[in-house]
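Engineer: As a plain string of letters, each chain reads:
4 protein chains.
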Amino acid sequence: MPQARATAPTRGYTASKDELQRRLARIEGQVRGVSKMVAEDRYCIDVLTQIAAIEAALDKVALGLLDDHARVCVLGGEESEREQRAEEMMAAVGRLMRRG
Amino acid sequence: MPQARATAPTRGYTASKDELQRRLARIEGQVRGVSKMVAEDRYCIDVLTQIAAIEAALDKVALGLLDDHARVCVLGGEESEREQRAEEMMAAVGRLMRRG
Amino acid sequence: MPQARATAPTRGYTASKDELQRRLARIEGQVRGVSKMVAEDRYCIDVLTQIAAIEAALDKVALGLLDDHARVCVLGGEESEREQRAEEMMAAVGRLMRRG
Amino acid sequence: MPQARATAPTRGYTASKDELQRRLARIEGQVRGVSKMVAEDRYCIDVLTQIAAIEAALDKVALGLLDDHARVCVLGGEESEREQRAEEMMAAVGRLMRRG
Chain D
9 MPQARATAPT RGYTASKDEL QRRLARIEGQ VRGVSKMVAE DRYCIDVLTQ IAAIEAALDK
69 VALGLLDDHA RVCVLGGEES EREQRAEEMM AAVGRLMRRG
Chain H
9 MPQARATAPT RGYTASKDEL QRRLARIEGQ VRGVSKMVAE DRYCIDVLTQ IAAIEAALDK
69 VALGLLDDHA RVCVLGGEES EREQRAEEMM AAVGRLMRRG
Chain L
9 MPQARATAPT RGYTASKDEL QRRLARIEGQ VRGVSKMVAE DRYCIDVLTQ IAAIEAALDK
69 VALGLLDDHA RVCVLGGEES EREQRAEEMM AAVGRLMRRG
Chain F
9 MPQARATAPT RGYTASKDEL QRRLARIEGQ VRGVSKMVAE DRYCIDVLTQ IAAIEAALDK
69 VALGLLDDHA RVCVLGGEES EREQRAEEMM AAVGRLMRRG
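Chains as they are written, first to last, in the working numbering: chain D, 9 to 108; chain H, 9 to 108; chain L, 9 to 108; chain F, 9 to 108.
Don't read these hints as lab results, they were simulated from the structure. Every clue listed holds true.
What follows is a list of derived Cβ distance ranges for each label pair:
hint: 1; chain 1: H; residue 1: Arg106; chain 2: F; residue 2: Lys68; range: 12 to 20 Å
hint: 2; chain 1: F; residue 1: Arg106; chain 2: L; residue 2: Asp54; range: 19 to 27 Å
hint: 3; chain 1: D; residue 1: Glu27; chain 2: L; residue 2: Glu27; range: 44 to 52 Å
hint: 4; chain 1: D; residue 1: Ala99; chain 2: L; residue 2: Asp54; range: 19 to 27 Å
hint: 5; chain 1: F; residue 1: Glu89; chain 2: D; residue 2: Ala33; range: 38 to 46 Å
hint: 6; chain 1: F; residue 1: Arg79; chain 2: H; residue 2: Glu86; range: 58 to 66 Å
hint: 7; chain 1: F; residue 1: Asp54; chain 2: H; residue 2: Glu95; range: 17 to 25 Å
hint: 8; chain 1: L; residue 1: Asp54; chain 2: F; residue 2: Ala65; range: 32 to 40 Å
hint: 9; chain 1: H; residue 1: Lys44; chain 2: D; residue 2: Ala33; range: 45 to 53 Å
hint: 10; chain 1: L; residue 1: Ala33; chain 2: D; residue 2: Gln29; range: 44 to 52 Å
hint: 11; chain 1: H; residue 1: Arg34; chain 2: D; residue 2: Glu86; range: 37 to 45 Å
hint: 12; chain 1: H; residue 1: Glu86; chain 2: D; residue 2: Gly37; range: 42 to 50 Å
Short derived list, chain D residues pointing at chain H, Cβ under 7 Å:
hint: 13; residue: Leu71
hint: 14; residue: Asp75
hint: 15; residue: Cys81
hint: 16; residue: Arg90
hint: 17; residue: Glu91
hint: 18; residue: Ala94
hint: 19; residue: Met98
hint: 20; residue: Gly102
hint: 21; residue: Met105
hint: 22; residue: Arg107
Glycine is no exception: its CB is placed at the ideal position from the N, C-alpha and C atoms.
With the hints as extra help, turn the sequences into a complete structure.
Structural biologist: Spelled out as structure tokens, the structure:
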């Protein structure tokens, strides 16, 4: 697996790497913001609203990665390779749907 | 869309159709059971536990269907067809993850 | 627990019982519809869309029940009783959030 | 709202504030780790697994906050105040269940 993953087409998200990292930096800031809210004894319902927003942002990143992976799955490589990637993808979907 | 979908390989779940229907019949019975619980004024936390169980069973059916679809996606048909199916699949994943 | 649950105020959803049962009957019909879709070899992405709709409907029922329960929690009974109900409620929320 | 929330018992999570901040610091580190994985072109399925782990950790923080809030809801304050807090809590639960 690791060596197969070293080749460019396997990554699947190279194209929008900057965008992904921008979004992750924003999410990191949101988590820091939640910590600050806790430090300041902010009302816990407001903290929960922020946490829900962070999870929504993470789901969006995850769906973007999944989409890239699905595209790579069906396009590149041989049949057996595509099949293995599809399997890995479904396991990842199960974990994200919290049923994995 | 409909005509392309009429050919056998597109279905993706033919193999375990009986099993799927057995599981759906069980889920239908669980929903009926919840209705009966409500009719009998059962404690609402027990009703909620049942609802969570039904959702877990539905997620399992959905993941099974997704898995079949992913397999068909990467195996059958031409590249453009596989790509379209991958797109449809990701939209379905988004809806199941409640972000669609 | 069971005897405490036999008294009317504990139920929490008596008021909208008919509405709840109507919604559950509709959900039961939707599950039956999914089974029919499978029998007819309908395209699996369409089946998945239906499953996501059923889960949304179940979540709505669950949130309604939780809301009634929360109201009963904070209004009726003595402090120790209210505390126990709040605990049971949070366990139910955890299960519905798939983390219980 | 703000002034009512300024008194200690309303916060609900004061007791385990350090623990909460420790967990949030860990989550922040995990998000940074995901960004690093993206920078290093790590296999996207591994990135998705990390994202699912972060969401699980966030859900745990959210459930802890909800639990504290539920306790405060049913214990402190007058009936009308408790009722309002229960309402706010259910709205937060809906957002966390992604149905809000």
